[in-house]
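**Student:** Using the hints provided, position chain B with the ligands relative to the given structure of chain A.
Each chain is listed here by its residues.
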Amino acid sequence: MPSHDLVPLDLTADVVVVGGGPAGTWAALTAAESGADVLLLDKGYCGTSGPTASGGTGVWYTRPDPAEREKAMAGREALGGFLQDRRWMARVLDQTYENMNRLEAEARYPFPIVDGEPYKRGVQGPEYMRRMRSWIKRAGVRILDHSPATELLVDGSGTVAGVRGHRRQHGTDYRVRARAVVLATGGCAFLSKALGCDVSTGDGALFAAEAGAEMSGMEFSNAYGIAPAFTSVTKTAYYGFATFFHSDGTPLDGAGSQGGRSVIARELLRTGIVLCQIDQATPEQQEQMRLGQPNFFLPFNRLGIDPFTDRFPVTLLLEGTVRGTGGIRITGDDCATTVPGLYAAGDAATRELICGAFTGGGSHNSAWAMSSGTFAGRGAAAFATSLGASAVRRKLIGVGGAGIRPDEGGRAVGRDDALDVIRRQVHPYDKNYLRNGSRLRPALAHLDAVWEGFRGGAIAHGGELPGLRQAAAMVAHARWMYTSALARTESRGMARREEYPDLDPNQHHRIAVGGLDRIWTRPEAVTGREPAAA
Amino acid sequence: MIEIVSASRCVTCDVCIAVCPTNVFELGPGGIPVIARQGDCQTCFMCEAHCPADALFVAPFTHPAPADSPLRDEAHLAASGLLGSYRREIGWGRGRKPGARLAVGPELGRARITSAALP
Ligand SMILES: Cc1cc2nc3c(=O)[nH]c(=O)nc-3n(C[C@H](O)[C@H](O)[C@H](O)COP(=O)(O)OP(=O)(O)OC[C@H]3O[C@@H](n4cnc5c(N)ncnc54)[C@H](O)[C@@H]3O)c2cc1C
Ligand code: SF4
Ligand code: SF4
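So the sequence lines, in the order shown, correspond to chains A and B.
Going by the UniProt record's numbering, the letters in the first sequence line up with residues 1 to 534, in that order.
Going by the UniProt record's numbering, the letters in the second sequence line up with residues 1 to 119, in that order.
Bound-form chain B, shown alone:
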């Protein structure tokens, strides 16, 4: 679920308010969006992909991250490179090459069924 709106990074463009498919954000004080309805978040990462300032972070859980989770710690997320990592991987942002250009996965073979005989 969405966990972080970084007040120091946010450029108050309102993009997240517009693009969130489940209307999780509201405009807050100083033009910085607030997470108004976290329970409606569907953990789709779209706000993060569209935020031009790498100010948003979506933890991968379908429930709120525990209070002491490092995924709620902006300093940790910035230092570890996780903040803004999805945009980097899909190549969105100025001067980046679209990730779609490189998106060729492996050939998907036949289904593999786990066998108890495996070592």
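Next up, chain A with everything else stripped away, as it sits in the complex:
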């Protein structure tokens, strides 16, 4: 298939969207509908790539009924450590309502009918993303698949002006000159093989940071999903009907899919084995599960396990910021960042505005992806329009550092070294999940050392570059995560510290984090709430 003709592709667009999951496709659609000429780039394939396509999602969908809305917003405020912004929650609920209705009316998504009405609290991944792809094509969006972006381009004033990348099935590099860029590259799951997540290596956050953007909420990044051992299927909702056991068959006290996952992690660390049986579902519920999420049953059907009557071993796979809440810091209602011309959406952006300190399962992520995508697409199109005609003559400067423009004189570290550090310092439950400063600090020191080596000498070109950049993005991600985790000397939402088990009212703030060679943190006041809610 690759033709290896090395002619670089030189393209222009008003708006470039990087990433073709739900956030990217909604951004592309909205920008195109605002009149922009849109190009969408995906590392994989828009329509199958990313956790939504393979996993499917519950959706935070409520009718615009004040009581229903209030309940939806109040439901998880305590879980989220009171870091959410009420105004953002309301606008995301509004936008999600509109988008789900459009998905039915305009993309003809086949929602189930319950009590005579379409049931819109969830979508099947393959069906949803296949329809988003055809919809954006109808809207005039150009799509380049298998074309990982590798860096952002800026003009002389630091305004984002394009992207560069590689077309891996053609063996050529590409460059796009653009008036605005939306980063919708998903979160970072550190190549853990959690369902659909190996494309989620945090690339967008690295690109954004190199252009000068900030992150927020990176301490809330340690989501782990339950999967049958040795499989990828981290679909966790139905484990709410499960009982967990020691390897000898006695119940594992305190274990549960929500609120008891750390017990599972401890037992896995101690003995390596936790057994599970989905034994609390009635026959009717079992039937509903099979229809509701066929992919949940793929491992069971293929391995000959009846999850309702058999006990099977389970594991926890790192889902990082895919089901955590941290990401690129948003500075405006249009999902702008601190860098002019750069917008962020979906898992690539912080979800603290609607989730606060906790997400995990359950529908907020998908609502955020489609809503923030819509806001960002509209914002990017407006920014593109605001630039004068001379914008197409801007000088383009690549801002990619690690792996592209090494510093002088460092010790060269390669992709394998970086992946090894990720495996040893980020995947393990006793470092990233069951957090304690005494283990976080040495882990961070390892990550810092690898970063330094990376900056010092790692370099690649062509088809080798995307992989090296992904490794750099994961190391950068992990360093922001652990630095923020150390800055939060309390337990709030997902960010729990063994030595600080309680919530500290004096730390009712968000934590902005940034920098690459030297990482900094800064407390940020919580917006959109009554003062002193916590």
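Computed spacing ranges between beta-carbons, pair by pair: (1) B/Pro64 / A/Pro406: 33 to 43 Å; (2) A/Gln169 / B/His63: 23 to 33 Å; (3) A/Leu486 / B/Ser8: 49 to 59 Å; (4) B/Gly39 / A/Thr331: 35 to 45 Å; (5) A/Gly171 / B/Gly39: 18 to 28 Å; (6) B/Gly39 / A/Pro442: 27 to 37 Å; (7) A/Leu9 / B/His63: 31 to 41 Å; (8) B/Ala79 / A/Phe230: 18 to 28 Å; (9) A/Gly116 / B/Ala79: 35 to 45 Å; (10) A/Arg63 / B/Ala7: 49 to 59 Å.
Derived coverage of chain B by chain A (criterion: at least 3 residues anywhere in the stretch with Cβ under 8 Å from a Cβ of chain A; other residues may be distant): (11) 18-28; (12) 79-86; (13) 98-106.
These are calculated hints, taken from the structure and not from any lab test.
Think of the CB as a built atom: it goes at the ideal place given N, C-alpha and C, for glycine as much as any other residue.
**Tutor:** For chain B with the ligands alone, kept in the frame of chain A given last:
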């Protein structure tokens, strides 16, 4: 991981090469795709869902299936109905009703924490 490309079923449409998010396939002899980079497979089942000929099979493991595994035996997979089962379940393929139409799971209740007091 992806284990099987059935040469007898494949209609050489190249869809799997296009849709695999991690670029696992390459075009092989006679237009039949080959599993060129199994180690990059993320076990997401998307190629299987999109293959119009039920020619692909993804074993649920995140590592290669052992050589003697029945999940690498095409005849067994065809006979047991596992080949093409994911497409059937999501209702993809001519004349099928989209599975999305029926996808209403059970109401998810409060978290259940395992208690040692359980029988
Ligand atoms: C198993 C599982 C189940 C889940 N269930 C739910 C649920 O029930 N409810 C819920 O709300 N959320 C759920 N989530 C979370 C949800 O899937 C994500 O929040 C959502 O997919 C985010 O969408 P996104 O568009 O931001 O990113 P993604 O879906 O991750 O898409 C990102 C896209 O960017 C592309 N990309 C990445 N890097 C580059 C690059 N360098 N260049 C070009 N393209 C790039 C990728 O290929 C991908 O297509 C679940 C997650 C998992 C893993
Ligand atoms: S999608 Fe199926 S039929 Fe098409 S080339 Fe791949 S294996 Fe063959
Ligand atoms: S299961 Fe997913 S990653 Fe593996 S070959 Fe198929 S599409 Fe590619």
